[in-house]
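J.: Work out the full structure, taking the sequences as your base and the hints as a guide.
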Amino acid sequence: MNHLITVELQKFVVENFLLGQPEETLAEDSSFLENGIIDSTGILELIGFVERTFDLHMEDEDLIPANLDSVRKLTLFIERKRASATKEASA
Amino acid sequence: MNTSSAIGTDVLRLDPAKEVARVSDSIRDTVFGHLKRKGAVVGVSGGIDSAVVAYLCARALGPNRVTILLMPERDSSPDSLRLGKMVAEALHIQPVVEDIRGILEASGCYRRRDDSIREVVADFREGDLCKISLPNVVDADHYSIFSLIVQSREGRIRKVRLTAAASMGIVAATNFKQRIRKMMEYYHADRSQYAVAGTPNRLEHDLGFFVKNGDGAADFKPIAHLYKSQVYQLAAYLGVPAEIQSRVPTTDTYSLEQTQEEFYFAVPLHKMDMCVYGKDAGIAAGELSALVGLEPAQVERVYALIETRRRASRYLHMAPVLVESLL
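Protein chains in written order, with our numbering: chain A, 79 to 169; chain B, 2 to 328.
Rather than coming from a laboratory, the hints here were simulated on the basis of the structure.
Each hint should be verified, as a subset may be incorrect.
Simulated restraints on C-beta separations [unchecked claim]:
id	chain 1	residue 1	chain 2	residue 2	range
1	A	Glu-166	B	Arg-312	33 to 41 angstroms
2	B	Ala-298	A	Arg-158	22 to 30 angstroms
3	B	Arg-102	A	Arg-150	47 to 55 angstroms
4	A	Ser-168	B	Arg-102	51 to 59 angstroms
5	A	Asp-107	B	Val-161	26 to 34 angstroms
6	A	Asp-107	B	Ala-141	19 to 27 angstroms
7	B	Ser-153	A	His-81	46 to 54 angstroms
8	A	Val-85	B	Met-169	23 to 31 angstroms
9	A	Leu-96	B	His-318	16 to 24 angstroms
10	B	Ala-141	A	Ala-161	20 to 28 angstroms
Pairs of lysine to aspartate or glutamate, EDC-like flavour, derived with a Cα cap of 20 angstroms [what the hints assert, rightly or not]:
id	chain 1	residue 1	chain 2	residue 2
11	B	Lys-160	A	Glu-139
12	B	Lys-160	A	Asp-138
13	B	Lys-160	A	Glu-137
Quick reminder that beta carbons are idealized off the backbone N, C-alpha and C, glycines included.
T.: Pasting the structure below:
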């Protein structure tokens with residue numbers, strides 16, 4: 079798993095949603111929904127951040143908890159999207 | 002989870018005569034005894050909830066102690082004013098009509114909303130229609146995030162995903178509507194020493210389907226303990242006009258018609274009633290599913306949605322927080 083992506087995501091979530099609470103409360107596998115970390119507006123903020131920061135476009139079908147509901151899931155999703163974009167570009 | 006409880010479709014059936022008497026007693030005691038007010042102001046929207054509250058207040062306090070306020074604005078359905086007048090006429094109350102379009106224009110409600118819309122639909126023009134809607138969160142694990150639907154004057158319909166800023170901007174601007182209405186209700190309450198009746202039902206109150214300091218504000222809320230299907234039972238008993246009883250619940254907030262189901266609840270309201278009841282009674286999704294006509298996985302998703310809505314509504318219900326308790 080790409081450590082740099084994970085760190086970027088953790089930093090964004092802590093600064094924007096945990097609002098000053100200690101960073102260690104956000105484990106890589108913490109569910110954003112189940113732990114009440116991010117609400118529906120927060121998901122939109124997260125989508126905007128990911129698209130801007132990692133220069134990728136998220137389709138509507140991408141917007142499911144299986145892809146976005148923890149730092150680990152999101153990191154893996156970003157890696158998949160990047161790999162697929164690279165593959166398409168080189169095809 | 003309780004998997005052995007017996008639950009029937011009539012679990013939310015109540016004795017309307019008994020409940021009307023109980024709520025009427027409560028209104029009388031609250032308004033005259035507790036609040037020390039001489040009557041009640043009810044903002045009537047043309048929907049079932051405010052109609053039932055108006056009927057209950059008229060029964061409890063006497064029609065001469067009830068002010069019915071009708072508050073249309075630019076995006077209101079013409080049916081809302083017509084049906085509101087129908088309620089007032091049935092109760093022999095002369096309604097007060099306050100067209101709030103001018104206040105909303107002056108406060109920039111429409112302009113601010115349209116500016117936010119143009120962040121995602123650059124060519125949105127005055128006169129184009131719009132609404133926001135949720136994806137289907139019952140059939141699949143989708144997030145409960147809004148899309149914007151716009152219809153041009155030529156009839157072209159587009160659906161776009163909102164950004165966080167546009168979503169919050171649109172909601173913040175449209176919230177002027179509920180807050181201006183409440184301000185108007187308190188104006189009429191203050192000038193007659195009346196109390197303001199809130200009209201949320203149990204689903205709305207519990208799951209946060211209201212605007213803080215808007216339609217969420219009131220001096221008393223006489224149907225906030227009743228599920229939507231129970232409100233319909235009272236409406237039938239009280240003789241609320243049939244057209245209001247059969248009307249699909251809408252938000253009456255956006256220029257394109259928008260049902261409460263597509264805006265907030267995700268399932269028909271009688272199903273949401275049963276899911277809220279089932280979740281609170283600890284009934285397993287598998288057991289409830291046949292009764293509500295949903296698959297167990299769908300009930301699980303509705304249970305999760307209820308949890309999300311309740312979490313979001315905590316802020317809406319919070320009173321101002323003091324540094325320390327004064328008593």
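J.: All hints, please: hold or fail.
T.: Each hint tested on the structure:
no.: 1; hint: A:Glu-166 to B:Arg-312: 33 to 41 angstroms; result: 39 angstroms, holds
no.: 2; hint: B:Ala-298 to A:Arg-158: 22 to 30 angstroms; result: 25 angstroms, holds
no.: 3; hint: B:Arg-102 to A:Arg-150: 47 to 55 angstroms; result: 51 angstroms, holds
no.: 4; hint: A:Ser-168 to B:Arg-102: 51 to 59 angstroms; result: 57 angstroms, holds
no.: 5; hint: A:Asp-107 to B:Val-161: 26 to 34 angstroms; result: 33 angstroms, holds
no.: 6; hint: A:Asp-107 to B:Ala-141: 19 to 27 angstroms; result: 23 angstroms, holds
no.: 7; hint: B:Ser-153 to A:His-81: 46 to 54 angstroms; result: 48 angstroms, holds
no.: 8; hint: A:Val-85 to B:Met-169: 23 to 31 angstroms; result: 27 angstroms, holds
no.: 9; hint: A:Leu-96 to B:His-318: 16 to 24 angstroms; result: 22 angstroms, holds
no.: 10; hint: B:Ala-141 to A:Ala-161: 20 to 28 angstroms; result: 25 angstroms, holds
no.: 11; hint: B:Lys-160 to A:Glu-139; result: 15 angstroms, holds
no.: 12; hint: B:Lys-160 to A:Asp-138; result: 12 angstroms, holds
no.: 13; hint: B:Lys-160 to A:Glu-137; result: 13 angstroms, holds
When held up to the earlier numbered hints, the structure conflicts with none and fits them all.
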